[in-house]
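Go ahead and model the full structure; you've got the sequences and the hints to work with.
Chains A and B are the protein sequences, given in the same order. Residues 1 to 458 (my numbering) make up the first sequence, in order. Residues 1001 to 1502 (my numbering) make up the second sequence, in order.
Below, in silico cross-link-like pairs of lysine-lysine (DSSO-like), each with a Cα-Cα straight-line distance of 27 Å or less:
{"no.": "1", "chain 1": "B", "residue 1": "K1365", "chain 2": "A", "residue 2": "K68"}
{"no.": "2", "chain 1": "B", "residue 1": "K1305", "chain 2": "B", "residue 2": "K1365"}
{"no.": "3", "chain 1": "A", "residue 1": "K151", "chain 2": "A", "residue 2": "K262"}
{"no.": "4", "chain 1": "B", "residue 1": "K1186", "chain 2": "A", "residue 2": "K282"}
{"no.": "5", "chain 1": "B", "residue 1": "K1365", "chain 2": "B", "residue 2": "K1310"}
{"no.": "6", "chain 1": "A", "residue 1": "K151", "chain 2": "A", "residue 2": "K248"}
{"no.": "7", "chain 1": "B", "residue 1": "K1186", "chain 2": "A", "residue 2": "K248"}
{"no.": "8", "chain 1": "A", "residue 1": "K68", "chain 2": "B", "residue 2": "K1310"}
{"no.": "9", "chain 1": "A", "residue 1": "K68", "chain 2": "B", "residue 2": "K1305"}
Only some residues are given here: those of chain B computed to face chain A with a beta carbon under 7 Å:
{"no.": "10", "residue": "P1005"}
{"no.": "11", "residue": "P1014"}
{"no.": "12", "residue": "P1016"}
{"no.": "13", "residue": "T1018"}
{"no.": "14", "residue": "R1095"}
{"no.": "15", "residue": "R1307"}
{"no.": "16", "residue": "E1308"}
{"no.": "17", "residue": "G1311"}
{"no.": "18", "residue": "T1381"}
Keep in mind that the hints were calculated from the coordinates and are not lab data. In this text, a Cβ means the ideal position worked out from N, Cα and C, and glycines have one as well.
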Amino acid sequence: MPSLPTVSFTDERLANGLRLIIAVDRLAPVAAVNLWYDVGSKHEVEGKTGFAHLFEHVMFQGSRNVGKAEHMALVQGAGGTMNGSTWLDRTNYYETLPSHQAELALWLEADRMGTLLDALNQENLDNQREVVKNEKRWSYDNRPYGSWYEKMQGHLFPADHPYHHVTIGSMADLDAASIDDVSAFFRTYYAPNNAVLSVVGDVDPDDIRRWTERYFGGIPANPDIPHLGDLSVPALLGGEVRETVYDKVPLPRVYVGFRAPKFGDDRLDALDIAAQVLAGGKGSRLHRRLVRDERIAQDVALVALGFVGGASICVGWATLRPGVAVDQVEATLHEELDRLAREPISDDELARARALIETEELGGLSRVEERADRLSMYATLFDDPDLINRMLPRYLSVTAEQIRDVAAATFRADNRVVLTYLPELPPADTAALRTDEDATSPDAAGADDAAEDEEVAA
Amino acid sequence: MSDTPVARVVAERPTPGTPRPYEFPAVARTRLANGLSLAVIHLPGRHLVSGTLVLRNGAADEPDGEGGATVLAARALTEGTERFDAIALVEASERLGASIHAEAGWDAMSIGVDVPATRLEPALELLAEVALHPTFPEAEVDRLRDERLNDLLQAEADPRRRADEVFAATIYTGGSPYRRPSGGLKPTVERLDAARLRAAYQRGLDPARASLIVGGDLTGIDVAGITERLFGSWGAAYGAGPTGSIVAESAVRDRFVRVVHRPGSVQTEIRIGHVGLPRRINDFHALSVMGAILGGLFNSRLNTKLREEKGYTYGAGAGFDLRRAAGPFAARAAVNTEVTVPAIVDLLAELDRIRTAPVDAAELKAARDYLVGVFPLRFETPGPVVGALAGLAVHDLPDDELTRYRPAIEGVTIEAVLAAAGHIRTDQAAIVLVGDADAFGAELEAAGFGPIVIERDHGAQDEGRATAVQNDLEPVDEGPAGPTEGAESGEASTADAALTPD
Chain A
1 MPSLPTVSFT DERLANGLRL IIAVDRLAPV AAVNLWYDVG SKHEVEGKTG FAHLFEHVMF
61 QGSRNVGKAE HMALVQGAGG TMNGSTWLDR TNYYETLPSH QAELALWLEA DRMGTLLDAL
121 NQENLDNQRE VVKNEKRWSY DNRPYGSWYE KMQGHLFPAD HPYHHVTIGS MADLDAASID
181 DVSAFFRTYY APNNAVLSVV GDVDPDDIRR WTERYFGGIP ANPDIPHLGD LSVPALLGGE
241 VRETVYDKVP LPRVYVGFRA PKFGDDRLDA LDIAAQVLAG GKGSRLHRRL VRDERIAQDV
301 ALVALGFVGG ASICVGWATL RPGVAVDQVE ATLHEELDRL AREPISDDEL ARARALIETE
361 ELGGLSRVEE RADRLSMYAT LFDDPDLINR MLPRYLSVTA EQIRDVAAAT FRADNRVVLT
421 YLPELPPADT AALRTDEDAT SPDAAGADDA AEDEEVAA
Chain B
1001 MSDTPVARVV AERPTPGTPR PYEFPAVART RLANGLSLAV IHLPGRHLVS GTLVLRNGAA
1061 DEPDGEGGAT VLAARALTEG TERFDAIALV EASERLGASI HAEAGWDAMS IGVDVPATRL
1121 EPALELLAEV ALHPTFPEAE VDRLRDERLN DLLQAEADPR RRADEVFAAT IYTGGSPYRR
1181 PSGGLKPTVE RLDAARLRAA YQRGLDPARA SLIVGGDLTG IDVAGITERL FGSWGAAYGA
1241 GPTGSIVAES AVRDRFVRVV HRPGSVQTEI RIGHVGLPRR INDFHALSVM GAILGGLFNS
1301 RLNTKLREEK GYTYGAGAGF DLRRAAGPFA ARAAVNTEVT VPAIVDLLAE LDRIRTAPVD
1361 AAELKAARDY LVGVFPLRFE TPGPVVGALA GLAVHDLPDD ELTRYRPAIE GVTIEAVLAA
1421 AGHIRTDQAA IVLVGDADAF GAELEAAGFG PIVIERDHGA QDEGRATAVQ NDLEPVDEGP
1481 AGPTEGAESG EASTADAALT PD
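Below you can see the structure in the form of structure tokens.
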């Protein structure tokens, strides 16, 4: 068993509260700068959905000393790459550059953290509103099965919970966003004491400290960052929710979704491994049974998405082969989840899952960009950047019994959403396809993307 | 919140430090007695090792009647070998924490593995088993073929895949393999069986034309010895077919518009272009710089105009897909339906502008600096390093192609960019649209881009005001399907991984 190299890092704060994490790695002449703000779509209120993500786009429209889209020009001109992304629990901004250009990224991030509103105008807001609306059309509205994720998240959280709506938001709310909204959002959440800055790579820590102090040190903290209330929800949905959707799709698809333990809870580690055993590649149980042996599905998927507020979710699907009954596929899917909830997996299955997770971690942590992102994530969500070194041991210590237990607690009929997507057909034909009163369905490529965060650039 | 304290920031922009010297990693090359080329790249500290065997049979080498055989053959390699059935194979590789993956694209087939260095040898044993002793079990081949047919059904509903398919079918003549997706279309895919897959696979099974590339921290590992043990007895007796020339002729004479009507679409997928260029050209570096300026950089002309000025799209771009023979050139964007025609006007105007007028010095500098600077970022880990070398093998390019890349980019001039832009044609281009023709049809006619063909259903066509529909515009009766993922992520992209801005 290869041992993972430990990520050594320093962890400190500026006087204004900005948390700075530095990890040196001299292997390649590259440096990653990664800034997480503790604000995401969960901070949006009714009528303002999609706002955190729209705001992320505005962050690339210039600040006091940087012109519109000049952020991209400067980073790419330095031989770097950059992006930003928004998700339920966070917004992050990141640059990866040749290491001698690291200072540029710090200067750029500080200028917009301090002075975004100097450059804000109606024209830029309107422009990015249209861009984001086209992002929504491209990622969801104009895709087969494209509505599944919004429906799934909506069913898994109650209407008054901030996870009820998805990060991309609604067209009506995007249309309603005003300059005042942008200003208020910026003043409230974009403060150094609400952010974590991680720098990883071929850098001198003393340089990074000096530059961080120079560029960020003069940005005042916001002492009044509002805290979200109690986001807890019952562990179980409390009943089965079913919906049938008719869409422009050639093949029916059955989606399932469950409430799951919060991100950070070690039961979610066990559920991650359960998802690996069920749908992680060609050796997995669902693939083997539905796709390979019984040949009733074209493809299968299952994944746990970790959220820190109230509950995570575990979602998956099977795309039907032509001519197969929806009922049969759904029943087989449930059967395999139930089997995992009844019997502990074999030693060999567990060993294989562990080996794959280990390789995946080794691959992920080999890139400075990924390491910087994880340090920022663990610091922001758990105040514990050292989790970067402890997550793999946690995964490797999960037992067959823990997997069975979390499967039993999660994969229950009274904790699930079932969406069945069916092809749009004339009513007579549709009746023949339906095998029960409820039916709906989604998309393979779109499903992956929909479960991703929203980025500023495609 | 009115009395927010004032932020002090520093107006002065930082100047870059001293770049750390960088060279593409050294490649140690040897050759086995049977001719197999071995490239070993030692990358200290990179404990996840990447290995790839490249076979020189691509989808472009298939007879017309067997379109899709090579991509499917690659997929079938892991479905059974002389020693393992599919499940035994996947379990054996999972125990190593390795995934053995095989895929084919237009120009080659590759069998690859990523595995911790400590388990490299048993992983390469599995790779050799998959590469040299596949059995193509009939039942698994049938399943894979049916999955591809179903995937083609799915592709019909996906506007992006449909636009790519129709575009390729529109710009190439009937005799070109590039007219179809590399994974093939229904009429040929439904005829594929184990014998045809085996034939496609065997076209590449010549050690003298194959390459094994291994990169990572190989301290204490005798890669050459392992390779000799696993591949030394691989003889040319397995048989191999020579590669013929690939037809890549243009079907586009005068500019025209082809619309696939998709009622209710909220966006229109636009492709504008024509048959482009092969990988082996003298002005490759100028073409890369030109492509970055036109449609590669975030602040490329197309993205700046259509996204940052107009808000028509989430992203617009353009580029040449360089293959052994001339792959397509396309400008592309998905725009909201109402702005379909103005977006086409803007795209054509930008294509014309870069063809006819020199770029600014600042644009040239931005593109060169990006391509040169981002090079080391791309090769941080073993996977991309191995992928770049696989690309060289596919195109018979020497190792110094990578070391000379940055100086060559630095040397590109404004004149060279203008000359490279001369490969773009706007008067002999196809404009392919997938969207709601009822919403923009009248405006499209009025715009006068050229003759218009509208396909409202499978094969059914409405002809616009013009009747000059060339005979190569027959309907795509089998319905377009996008290239499969395996086909797209194959060697065609690795060849130029370093060379195409994202």
